[in-house]
Amino acid sequence: MRDISMHILDISGNSVRAKASLVEVSVVEKTKEDTLVLKVKDDGCGMDEATIKNALDPFFTSRKTRKVGLGIPLLQQNAQLSDGRLIIKSEPGQGTELEAVFVRSHIDRPPLGDLPGTISLMASGNPAVEFIYKHVLDKEEYVFDTREVKSILEGVEITEPGVVKFLKQMIEENLIDIGVEL
Amino acid sequence: MTKVKTLDDLKKMRNELQSKLTLREKSDHPEKMVQIKVSMATCGIASGAKETMNYLIEELDNRAVDAVVTQTGCMGYCHSEPTIEVHVPGTEPVVYGHVDTKKAEEIITKHIIGGELVDGVIPVSYTTPNEDENEK
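Which chain is which? The protein sequence lines are A and B, in order. Read in the UniProt record's numbering, the first sequence has 148 at position 148, and its numbers run on one by one without any break. Read in the UniProt record's numbering, the second sequence has 62 at position 62, and its numbers run on one by one without any break.
Just to be clear, a hint being listed does not mean it is correct.
Here are the simulated DSSO-like pairs of lysine-lysine, each with C-alpha atoms no more than 30 Å apart in a straight line [said to hold, decoys possible]: (1) A/139 <-> B/103; (2) B/103 <-> A/64; (3) B/110 <-> A/150; (4) A/134 <-> A/67; (5) A/39 <-> B/5; (6) A/134 <-> B/32; (7) B/103 <-> A/30; (8) A/165 <-> B/11; (9) B/3 <-> A/165; (10) A/39 <-> B/103; (11) B/20 <-> A/150; (12) A/150 <-> B/11; (13) A/19 <-> B/20; (14) B/11 <-> A/134; (15) A/139 <-> B/5; (16) B/103 <-> A/134; (17) B/20 <-> B/5; (18) A/134 <-> B/102; (19) A/19 <-> A/41; (20) B/102 <-> A/53; (21) B/110 <-> A/41.
Treat the hints as calculated values from the structure; they're not laboratory data.
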C-alpha cells in the first residue's frame, strides 16, 4: 500500500464485508500536535476479543478464498514505521472502530494519495452501503455523506459515470479549499 | 479562483442526467445491463485495481455501453490480480486475470462489444490451493 487513500479503500472493504450499512471514515490532521489520525468506524457485525487479536496477525483471515489477510497488518506496519500505532475497538454486534495514528511530519508517513478518486470509487463501487468521509485539517473540515448525495440524486444511480466523475471533482475541490495537500 | 463544487451543483447535474437517462431506462432493466465486478481486496488494490476500475467506468461511458461497475472482495485469484468478472446479459459470467488498462480496453472491444472471449480467462474449474482445508 503506497498511500493512505489505498488503506482507506482496503480497510473500508472489511467493513463492507462485515455487512455494515454505514461506514464512517475520517482523516484528522493536526499540525500543532503533529498527528494524522485515520479512523474507520462501521456498524457491521463486530468482532470478539480473540478475533481482534487475530486481525493483527497477517496469517489470519475470516475469508475462505485464501489463507492470508494483510490489510490490517500492512496499515499497522505503516503506522508503526512513522512512530504511530493502530488500535481496534470492537464488540460482537456493536460494529468496529479502527484507528491508525501517524506522526504527520514523519519521513515515513505515507502520503494521502488520491483521496477524491478513492472516496468516489468507494461510494459508487458499493451502492448499497452508505459512506461518510470527514477530513479535518486543524480548524477546517469537509464532510462528504453519500446519504445526502443519494437524496439529491433521487433515483439516478450513484454508479452513473457522470455522477462518479462529479463526486470526484467535488471532493477534490473541497479538500483543496480547506487546505489539504493532495 | 473558481467556485468550489457543492451539492447544489450536483442537483443541477442530476436534472440534466435524468432527462438523458429516462430515455434508455424505460427500455432497459438492470439485469439487461453489462455487469462488471472488480475484485478489490488488499491483493487487488495493491496490484492497481483502482486504476482498472476507473478506466472501465470512463471507457464504457465514452463508448456509450450500458454497464454497472461495482466492487467485490477477493475471489481467491490473488496471483492474477487485478481480476474482474464480466457478466454480459444472456451469457455466463467470465473472470479475467491481470486486467490492467490495456487488457481492460481489449475486453471492452472484443468481449463486451464484439462478443468473443479474450486471452486471460480464469476457468470456472480453477481451485485455489488447499481449498478443501479452507472450507472447514
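Going down the list of hints, with the structure as the test:
Proximity of residue 139 of chain A to residue 103 of chain B is assessed by CA-CA distance (about 45 Å); at most 30 Å being required, the pair is judged violated. Distance check on the hinted pair: residue 103 of chain B and residue 64 of chain A sit about 28 Å apart at the alpha-carbon level, within 30 Å; holds. The straight-line distance between the Cα atoms of residue 110 of chain B and residue 150 of chain A is roughly 34 Å, outside the 30 Å bound, and the hint therefore fails. With a CA separation close to 33 Å, the supplied pair residue 134 of chain A and residue 67 of chain A exceeds the 30 Å bound.
Restraint check for residue 39 of chain A and residue 5 of chain B: satisfied, since their Cα atoms lie roughly 26 Å apart, inside the 30 Å limit. Restraint check: the Cα-Cα separation between residue 134 of chain A and residue 32 of chain B comes to about 36 Å, which exceeds 30 Å; the hinted pair is violated. Proposed proximity of residue 103 of chain B and residue 30 of chain A is contradicted: the alpha carbons are some 42 Å apart, above 30 Å. About 14 Å separates the Cα atoms of residue 165 of chain A and residue 11 of chain B, which keeps this hinted pair within 30 Å; it holds.
Pair hint residue 3 of chain B plus residue 165 of chain A holds up; C-alpha atoms about 17 Å apart against a cutoff of 30 Å. Using a Cα cut-off of 30 Å, the hinted pair residue 39 of chain A and residue 103 of chain B is violated, with the two alpha carbons roughly 35 Å apart. Proposed proximity of residue 20 of chain B and residue 150 of chain A is supported: the alpha carbons are some 18 Å apart, at most 30 Å. At most 30 Å may separate the alpha-carbon atoms for a hinted pair to count; residue 150 of chain A and residue 11 of chain B meet this at roughly 10 Å.
Distance hint between residue 19 of chain A and residue 20 of chain B is unfulfilled; the C-alpha atoms sit about 34 Å from each other, more than 30 Å. For the given pair, residue 11 of chain B sits about 21 Å from residue 134 of chain A by alpha-carbon distance, which is consistent with the 30 Å threshold. Only pairs whose Cα atoms come within 30 Å are accepted, and residue 139 of chain A paired with residue 5 of chain B is accepted, the gap being roughly 21 Å. Annotation: proposed proximity of residue 103 of chain B to residue 134 of chain A is violated, straight-line Cα distance about 35 Å (limit 30 Å).
Restraint check for residue 20 of chain B and residue 5 of chain B: satisfied, since their Cα atoms lie roughly 22 Å apart, inside the 30 Å limit. Proximity of residue 134 of chain A to residue 102 of chain B is assessed by CA-CA distance (about 34 Å); at most 30 Å being required, the pair is judged violated. This hinted pair checks out: residue 19 of chain A and residue 41 of chain A have alpha carbons roughly 13 Å apart, not beyond 30 Å. About 41 Å separates the Cα atoms of residue 102 of chain B and residue 53 of chain A, which puts this hinted pair outside 30 Å; it is violated.
With a CA separation close to 42 Å, the supplied pair residue 110 of chain B and residue 41 of chain A exceeds the 30 Å bound.
Hint compliance for this structure: hints 1, 3, 4, 6, 7, 10, 13, 16, 18, 20 and 21 are not met, and every other hint is.
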